[in-house]
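Undergrad: Here are the chains, one letter per residue:
Protein chains: 2
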Amino acid sequence: MQVVESVLMELRSRGFNITERDLCRVLRAYSMTDDFWKGVGISEVPVSYVVEVLKELQRAGVLQIGDTIELTPEGHKLCIKKCVLYPENPCESCGGRGIELDDRLKELYRSFVEVSSNRPDAVKEYDQAYVTPETTIYRVAIALYRGDIAGRKVVVLGDDDLVSVAISMLGVAEEVAVVEVDKRLIDFIQDIKRKLDLPLSVFQFDLSDGIPREMRAHFDAFFTDPPETEDALMAFVGCGIDTLRGEGSAGYFGVTRQESSLFKWRRFQKRLLKEYDVVITDIIKNFSEYVAWGYGYEKQDIPPLREKPDVNWFYSYLYRIELLSDMSKGVRYGRIVYQDRENSILG
Amino acid sequence: MQVVESVLMELRSRGFNITERDLCRVLRAYSMTDDFWKGVGISEVPVSYVVEVLKELQRAGVLQIGDTIELTPEGHKLCIKKCVLYPENPCESCGGRGIELDDRLKELYRSFVEVSSNRPDAVKEYDQAYVTPETTIYRVAIALYRGDIAGRKVVVLGDDDLVSVAISMLGVAEEVAVVEVDKRLIDFIQDIKRKLDLPLSVFQFDLSDGIPREMRAHFDAFFTDPPETEDALMAFVGCGIDTLRGEGSAGYFGVTRQESSLFKWRRFQKRLLKEYDVVITDIIKNFSEYVAWGYGYEKQDIPPLREKPDVNWFYSYLYRIELLSDMSKGVRYGRIVYQDRENSILG
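First to last, the sequence lines map onto chains A and B. Residues 1 to 347 (my numbering) make up the first sequence, in order. Residues 1 to 347 (my numbering) make up the second sequence, in order.
No lab work stands behind these hints, which were simulated from the structure alone. Any given hint might turn out to be false.
Identical copies go unnamed one by one, so any copy, or any two together, can satisfy a pair.
The calculated DSSO-like cross-link candidates involving lysine-lysine, where the alpha carbons are at most 27 angstroms apart (straight line), are [stated by the list, open to error]:
(1) K153 with K195
(2) K153 with K81
(3) K308 with K124
(4) K195 with K77
(5) K153 with K82
(6) K38 with K81
(7) K153 with K77
(8) K183 with K308
(9) K38 with K308
(10) K183 with K81
(11) K38 with K82
(12) K38 with K77
(13) K77 with K55
Isolated chain A, as found in the complex (with noise of 0.2 angstroms):
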């Protein structure tokens, strides 16, 4: 099929590092939905790669780019072609994580739902994008399944979803952190911390600056959501380890496929293995869904980009490790940097 090949070199020319699978991926994606943001979280190819293979299929006469994207009767017949691919179907009871809420989890997240229905809007600032409340209830679930929370010392680095909340209101732990640079998000757990009583400590800085010596090698677990450029997940995951106590403690974090390649998750998988003592025992696709949020619209130059998604489109797989040793590394990552060519579209 001459126009893969020439949609490939194309992008290729331009430094895009997009597969003949990528272009599978998208032109699949456009064969189920119309819609452009769906299409994205469907592809599973990052946001801004998408768009480019937009652009180039239409040039090449395979997909019309309007409100909606439409594929041409040649678009239809290079899918068929190229890219026979049945739906995914995710389990409806389940979401797709693998895993059942029980009774005191449904309990948790109705009261849950009432106190963060007035949380602060996300913001570019922090590369903000805040879960579905029944996702931080599942994370909250999948972790205390695991064993990682009952009766453990909990840190949440960076909790836009607040998670440290729905953990300290289950009220197991035996002991939950939160650390978070907006101030906003700060004054707003806060004040839940205040009302409900919860026992929970609150942490205002900069993860740029590494963990503190105190919070260093205490807690048997923590969560984070790192924004997605490498070293940004190498930063979030490392201090995140760096809190850890020792072997048979455990991470969870999220990494998408919207803003990291999966050239960009095998250099992420080879350096966590290497730079750190610990085994990935779990990847779970899509188990968290993201809010769409309001910022980065403006200045789109294809018109499905330039309004906020009516739909949520973004997702993250789960990552759990397993620390196997005890260590600290105690590193300070510097000024972290949130955009690369594989995200940098909605920042």
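Position chain B against the provided structure of chain A, taking the given hints into account.
TA: This is chain B only, laid out in the frame that chain A set:
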């Protein structure tokens, strides 16, 4: 808790790399079930380690080993103090796998159960242990949904799970091949192939000799279920990668916690990412459920191990990897050793 420390010290002095968290996992498991086998499955500690831990815990007065495993009052106290763990709560609807079978796959399940009902037993000679028919169909389902079967060339390396039969019955792959060393399985698969007129290429050979030139760099996806010494894991998965066509091709395989400690998991993950240009895209807990097999029970020295389990207790996590560049190393692995300290007990 001195019990924990002294038990750990004793076991380590005998060369078992058992961690405090392992010990917690075992204690927790037997606070939830008195069945030896179920406890091994829940604990996620290698079965040979579980046996040693139980014997030491019995010596320390923490539990009693008879036909069942009973915690003493002291054991219950220790469990509450050290291992405040909630039970796992896998989603009942999907068995924790995160995906749903559509109608076509449910129909495939029914036909597959029928044709596979008189399948050969698992034998020790080839380290066999086959999965439930449900698991086989879910393996097909996830690969189908991820775009790795329809219109693709698929190979199954070692197939006591009859995945190749299910895929060729589905009828949407471009090509299906199976490699198997066991003459009984070859005959069984050939027989189904003839009866149902399946488009399936069947090859009998030993993977220790590596992948023959004509099968290298040819397929879009492989499935394998390796024996679990570190070298066997690398050899089977390496053979799989050798069959792959290039960028965007994928591999599916299982790794257990019942035969492999997290230390072995880590060594395997590191080598996999170092030796091959692949990325791990999914690690799904207990995706595969194995039918309790009939060999290995005669020589054991504690009562509950001397009889074949009447429950399924053995699970593997499903790994999916994706290849990021075109490559075939054509590696020859030499004789594959099936046994190490972590998986030897029922070998």
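Undergrad: Against this structure, judge whether each hint is valid.
TA: Cross-check of the supplied hints:
| no. | hint | result |
| --- | --- | --- |
| 1 | K153 with K195 | within (22 angstroms within a copy, 60 angstroms between copies) |
| 2 | K153 with K81 | between (53 angstroms within a copy, 14 angstroms between copies) |
| 3 | K308 with K124 | within (14 angstroms within a copy, 59 angstroms between copies) |
| 4 | K195 with K77 | neither (60 angstroms within a copy, 35 angstroms between copies) |
| 5 | K153 with K82 | between (50 angstroms within a copy, 13 angstroms between copies) |
| 6 | K38 with K81 | within (23 angstroms within a copy, 47 angstroms between copies) |
| 7 | K153 with K77 | between (56 angstroms within a copy, 20 angstroms between copies) |
| 8 | K183 with K308 | within (25 angstroms within a copy, 60 angstroms between copies) |
| 9 | K38 with K308 | within (13 angstroms within a copy, 50 angstroms between copies) |
| 10 | K183 with K81 | neither (53 angstroms within a copy, 37 angstroms between copies) |
| 11 | K38 with K82 | within (21 angstroms within a copy, 45 angstroms between copies) |
| 12 | K38 with K77 | within (22 angstroms within a copy, 51 angstroms between copies) |
| 13 | K77 with K55 | within (19 angstroms within a copy, 65 angstroms between copies) |
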